[in-house]
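Given next are the chains, with one letter for each unit.
There are 4 protein chains.
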Amino acid sequence: MSESSKEYTTRLRVRYAETDAMGWVYYACYLQYFEVSRSDLIRTLWKSYRRIEDEDGLKLPVVEAGCKYTSGARYEDELEIRAKLTLVGGIRLHFDYEVRSVETGGVIATGFTVHCFIDSNGKPKRPPMGFMQFLES
Amino acid sequence: MSESSKEYTTRLRVRYAETDAMGWVYYACYLQYFEVSRSDLIRTLWKSYRRIEDEDGLKLPVVEAGCKYTSGARYEDELEIRAKLTLVGGIRLHFDYEVRSVETGGVIATGFTVHCFIDSNGKPKRPPMGFMQFLES
Amino acid sequence: MSESSKEYTTRLRVRYAETDAMGWVYYACYLQYFEVSRSDLIRTLWKSYRRIEDEDGLKLPVVEAGCKYTSGARYEDELEIRAKLTLVGGIRLHFDYEVRSVETGGVIATGFTVHCFIDSNGKPKRPPMGFMQFLES
Amino acid sequence: MSESSKEYTTRLRVRYAETDAMGWVYYACYLQYFEVSRSDLIRTLWKSYRRIEDEDGLKLPVVEAGCKYTSGARYEDELEIRAKLTLVGGIRLHFDYEVRSVETGGVIATGFTVHCFIDSNGKPKRPPMGFMQFLES
Chain A
54 MSESSKEYTT RLRVRYAETD AMGWVYYACY LQYFEVSRSD LIRTLWKSYR RIEDEDGLKL
114 PVVEAGCKYT SGARYEDELE IRAKLTLVGG IRLHFDYEVR SVETGGVIAT GFTVHCFIDS
174 NGKPKRPPMG FMQFLES
Chain B
54 MSESSKEYTT RLRVRYAETD AMGWVYYACY LQYFEVSRSD LIRTLWKSYR RIEDEDGLKL
114 PVVEAGCKYT SGARYEDELE IRAKLTLVGG IRLHFDYEVR SVETGGVIAT GFTVHCFIDS
174 NGKPKRPPMG FMQFLES
Chain C
54 MSESSKEYTT RLRVRYAETD AMGWVYYACY LQYFEVSRSD LIRTLWKSYR RIEDEDGLKL
114 PVVEAGCKYT SGARYEDELE IRAKLTLVGG IRLHFDYEVR SVETGGVIAT GFTVHCFIDS
174 NGKPKRPPMG FMQFLES
Chain D
54 MSESSKEYTT RLRVRYAETD AMGWVYYACY LQYFEVSRSD LIRTLWKSYR RIEDEDGLKL
114 PVVEAGCKYT SGARYEDELE IRAKLTLVGG IRLHFDYEVR SVETGGVIAT GFTVHCFIDS
174 NGKPKRPPMG FMQFLES
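Residue numbers (my numbering), protein chains in the order written: chain A, 54 to 190; chain B, 54 to 190; chain C, 54 to 190; chain D, 54 to 190.
Take the hints with a grain of salt, since some may be wrong.
Identical chains share a label here; the pair holds if one copy fits it or two copies do between them.
[Said to hold, decoys possible] Listed next, the in silico DSSO-like pairs over lysine-lysine satisfying Cα-Cα at most 27 Å (straight line):
1. 121 x 176
2. 59 x 112
3. 178 x 121
4. 100 x 176
5. 59 x 137
6. 59 x 121
7. 100 x 59
8. 137 x 121
9. 178 x 100
10. 137 x 176
If you are wondering where the hints come from, they were derived from the structure by calculation, not from laboratory data.
Let the hints inform the model, and build the full structure from the sequences given.
Now the structure itself:
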């Protein structure tokens, strides 16, 4: 499956809004960070997810997500989020994520999301041709 | 204007997710609290905002919002949010809010939102008849 | 392990803030819902998590979380979130969650979180005695 | 007061998490965007707000905030947020914000926040010397 994997690394800075009273980033916010890097990957390597929704009439809802928290991130920390996409089976997409501190390089969290393509009626669909070609390129 | 004002008080408990590294509720979260009490007011006294969107094809976007922070709320604090609706002019709705600590009764924040009705094309509309009757009842 | 499991079911209503452009609840928000039911469970069956932080000087950070999305929830849907706590090993807590639609009874999402106790220096600690007694009661 | 005003413009891209079922950015999220540009302004022109908290033992809670929504932003839109700081009176800071679409240049929202300096006991304090010098530079 190595030939069909795509990677992209994005950077962001922790917002005060994302911290909680413990002083660290709230655990659900990492799923937002995953979304940012996933969007960047798809937009940069293929086309924007918004155009997938608008032009192809397809959506990519999350069917499963998971995250392991190794360490914590604080307000103003700069984070590097690496997303890696691999097609799983015929209709599911699997992304793996790794969140690192830019300053120390240490891993803060790792996780994954699984998605399926659905059409405007909510029915599962195969990925569009362009997407398959992108994956195999 | 007293005859056209409607009030509703709702209660909620501060989530950990809503606090920030300062230990208090993050300032933008009060606008979410306003939304909760505004939704409760409309649903209880008239009909659910979701039905307004679905049945009447109308939306109520916010055109202005403001908040003054008198004190702070902490995780697990129980809050009482009072929303008060007054029709302003012909097409704008104005809500006032007051957030109090259930434990002490002290005011934590006050604020307001202004909304207009728009149809599915984004054009401003007059409030539906049922809404006017509700306001004047 | 049945004797050391504790359950609690809480209800909440989906906020507009929690929906996304797809029209459903954003996937990370379910981790907030888990937090609400987890907090309610601990507060109701033992004591508030805030008092655990303040009185016992302990925190309960999340070390792992996961969620499977069976269906979707929309704005204003009333949800029932059942949290179930089981002590895993000596120092880790494991919670399972189930999110159901109050209207249909259908399962919307299931998930879990794993936590450890740490003291104010960030060092892992055994659960306090009171907590053990609560678990075994 | 023109000599003591400072400006900074930051860019960000709308996250899916920040949109709501209406398809636009949820109204409270603009206060997060304000925070991002405010943090960038303070960090770039003076020093990071985190260091202000850590080194000076000062916090800058929001005492008032307001926002006018001229238009709406959608998922993946690139936004430009300009923050402008002006010292108001002796102990209050006032920031003005303007959010524009990078693509069209059109104004999407404008707003403001007012802050005071407090010490670790929550008592109002005058701004630290370094801050005054920064403002007057």
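Against the structure, the hints:
1. For a Cα distance limit of 27 Å, the shortest separation of residue 121 from residue 176 across copies, 18 Å, qualifies, whereas the shortest one inside one copy, 31 Å, does not.
2. Proximity of residue 59 and residue 112 under a CA criterion of 27 Å is satisfied intra-copy only: 20 Å inside one chain copy versus 38 Å between copies.
3. Proximity of residue 178 to residue 121 under the C-alpha cut-off of 27 Å is restricted to the inter-copy arrangement: shortest distance 19 Å between copies versus 30 Å within a copy.
4. Within a single copy, residue 100 and residue 176 get their C-alpha atoms as close as 22 Å, which meets the 27 Å cut-off; across copies the closest is 31 Å, which misses it.
5. Taking identical chains as interchangeable, the C-alpha atoms of residue 59 and residue 137 lie at most 27 Å apart only when both belong to the same chain, with a minimum of 5 Å there against 38 Å between chains.
6. For a Cα distance limit of 27 Å, the shortest separation of residue 59 from residue 121 qualifies both inside one copy, at 22 Å, and across copies, at 24 Å.
7. In the homo-oligomer, the alpha carbons of residue 100 and residue 59 lie at most 27 Å apart inside one protomer (14 Å), although the nearest pairing across protomers, at 38 Å, exceeds that limit.
8. Taking CA atoms no more than 27 Å apart as the test, residue 137 paired with residue 121 passes in both settings, with 16 Å inside one copy and 20 Å between copies.
9. Taking the closest pair of Cα atoms, residue 178 and residue 100 come within 27 Å of each other only inside a single copy of the chain (18 Å); across copies the shortest separation is 36 Å, beyond that limit.
10. When the C-alpha separation of residue 137 and residue 176 is checked against a cutoff of 27 Å, the pair qualifies only within one copy, where the shortest distance is 26 Å, while the shortest distance between copies is 33 Å.
The structure fails none of the hints (numbered hints given earlier).
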